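With chain A held as given, fit chain B onto it using these hints.
Protein sequences appear in the order of chains A and B.
Okay, so the first sequence: first residue is 5 according to the numbering used here, each after it adds one.
Okay, so the second sequence: first residue is 7 according to the numbering used here, each after it adds one.
Keep in mind the hints are simulated off the structure, nothing from the lab.
One or more of the hints may lead you astray.
[Stated by the list, open to error] Quick partial rundown of chain B residues pointing at chain A, CB under 10 Å, derived from the structure: (1) 15; (2) 16; (3) 23; (4) 25; (5) 29; (6) 33; (7) 89; (8) 92; (9) 109; (10) 112.
Given the structure is predicted, the values throughout are model-derived calculations rather than measurements.
Beta carbons: idealized from backbone N, C-alpha and C, even for Gly.
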Amino acid sequence: MTLYRIAGAIFGAAFASTLVLTNDHPATVPLPWLIVYLGSAFCAVGVVAQLRRPENATGSLLYLVGITTFAVLLTEANRPALFTLGVALGSLVFAALVHLLLAYPTGMIAGRSRSVVIAGWALAGLGPLVSMLFADEPSSCRECPSNLLAVTDRPGVAHALDGVTEIIAAVLVIAAGVLLVQRWRRASSAYRRSLRGVYAAGAVAVALLVVSFALAPVSRGASLAVLTGAMLALAVLPFAFLLGVLRARFAGAAAGRLVARLGPNPAPGQVRQVLRDVLHDPSLEVAYRLPEASGYVDIEGKPFEPEHGQALTYVEGAAGPSGVLAHDPALLEDPQLLDGVTAAVRLAVENEQLHAELRARLLELERLAQEQAALRRVATAVAAGPSEPELARVVTREVGALFDSRAEIVRAEPESQQGDSATARALRRGEPQHAGFAIAAPIAVGGRLWGAIEATRADEGEPFDAGAEQHLAHMAALFAQALANAEARSELRASRARIVEAGDAERRKLERNLHDGAQQRLVAVSISLRLAGSAVEKAPDDARERLVAAADELSAAIAELRELARGIHPAILTERGLGPAVVALAERSPIPVEVRNELAEPLPAPVEAAAYYVVSESLANVVKHAQASTAEVRVRQQGVVALVEVLDDGVGGASSSAGSGLRGLSDRVEALDGRLGVESEAGRGTRVWAEFPCL
Amino acid sequence: MTTVLIVDDHASFRASARALLAAEGFEVVGEAEDGEIAVDEIARLRPDVVLLDIQLPGIDGFEVANRVAANGARPDIILTSSRDAGDYGDLVTQSPARGFVPKDELSGAAIAALLDV
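So that you can see chain A by itself, here it is in the shape it has in the complex (with noise of 0.2 Å):
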């Protein structure tokens, strides 16, 4: 292929020469020994350049430009067959130096510069051939070989057509110049430095051929003398390119000066500097790769994000990338240059990724040792059990200083989880969150949601550390915890004055019944019996008969004391055991109660006692509430839960939480550490549950 080239490329600049030695007809172009060198100087150009960058179709187009440069050249021929041939291809040099710069560096062409370059072909290739076909020779040479292509000779219509066709180039050239003028606003200074060379020949040549067009019509003489220096200008354009293109040829002379000034000792963070002096790229950062973590982080040691839109290359050591280059893309274009850079500042950033990851595990034990500290202020508040406020007053602060931000306690409520904040997502994903300038991390009680820790910077601060939100969320879970100790403490704290009141209003009721009942009977005894003392010998009849009052009085109040000794603790219990007491319980019971006692041996006696009071408070509910007509206990131990429940078919729909006297169970139970259930859906009865731990 190159081989081709370069016979296609020496035949060309052979054959022109050939043409422009033997004309003997006067020039139709400007300096034609100029145009052999362009067309000569442009295809070695574009052979060089293919060789250097074979996946870069800029090679190709510079190598176009030069055929296309020795195809002006036709026009020279004697014969009119060659003449006519140059004359129809003779604009299509402008076409493929268009492309070229439109395309130059990367060879590839889009959007509206593809449009320009398309129609640029077209104009340069159809526009001579039409006008041909109504001049027989151009009008700018008399003497020139005839026009073969001419169907009829009207120089006017010619001269007309040919005047379409420069204002329709004009306005392509024009398009052109808009496009690279915006690429080179656009550029980067990295990218700016491959344009600048080819940008200004280019610029030079194209203004002057503009000037060149427009003079035509107006003085051929001042035409011909712009295109000339446009020409001149030309001249340059190739080695514009080849300087270009040759680029990547330094890239050892770069890497040669890196090693030089990096010297055999540089000092940590030089290689940033060195880079970007010998890349010319002052936005270039390095970071280093920690080889037991993931993630880069810079010579400091903290945590590296490139800049937006930066390029990635990465520095291979002996195990994996050691490091990696953040850098302007433009430098991309040029991978030789890069590959020998790397090459250079391996050894120097392998000796840079010890430094950093030295700092960066310095950095990270500070920061652990901050957070303890933290961590065991806030323990110490908690352990003084603060009241909540002053608790999220501790937390806040703690957070605040060591995170450097602004802290808050954010309840869940559901407005707080509206929206995209971190905290919002904390609360909705229950997962710490971070979001650049604000983390968060939930706080869950007892596997509720609580609410949330933020800390948030202002944006014009540094963002927070990738990870951090992980070590808000250990100041949330102590956080959590100490809420999670206030309420047990407070639940505790209710549950004893429930168990003290239900003790006092249990002592009242008794004294209020010893008080109505059995004494007023022993009363009434002791009034019947002084009345019976007075009456025995005058009226010994009323006598008799106030004795038998006074002894039923006294059997009835027998009863009523043995009723109220039962209700304060079952002697059937305290001697029997749970089973028979149950059984006792169900035998007095108005509806029929099955009892299903499936216990092997005693429970504790506490435990018994509690089972006790849950079968008879539930049987004295299921009288008075349940409509039921029958009603089932049963008590089994399963493990080390003893497990008792109270069932009836009645009517359901009894609440847990509705009557003190299944709170007064519930504190019971739980005081026993056990726990008190109740299901009782409408329509289908209720079940009365209670579990025990027995160890």
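Only chain B this time, still in chain A's reference frame:
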């Protein structure tokens, strides 16, 4: 004969007390089962003696005694209870009542003894 109004919320005690006092020469002119009724009945019946239980539904016996005293009526009020007088601290002595008889020691003689003081 000395007229008596018996105030107590237990019907069984009112019956026993009526029988006892009648047997011992008092004329029981009425009964009341709570404090409010007692105040009205005292004003209506103007008994010589009121046997007044302390623990009543609504206003208690001390309050009844105070109201009766404030109304200007001057029956001799004898407080009674199945509790001991000591259970009420100095409320019994601070009260305008003539005295206190424990229910189980109630007798015409005990009332007469208090009235003679």
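List, from low to high, the hint numbers that the structure doesn't satisfy. 6, 8
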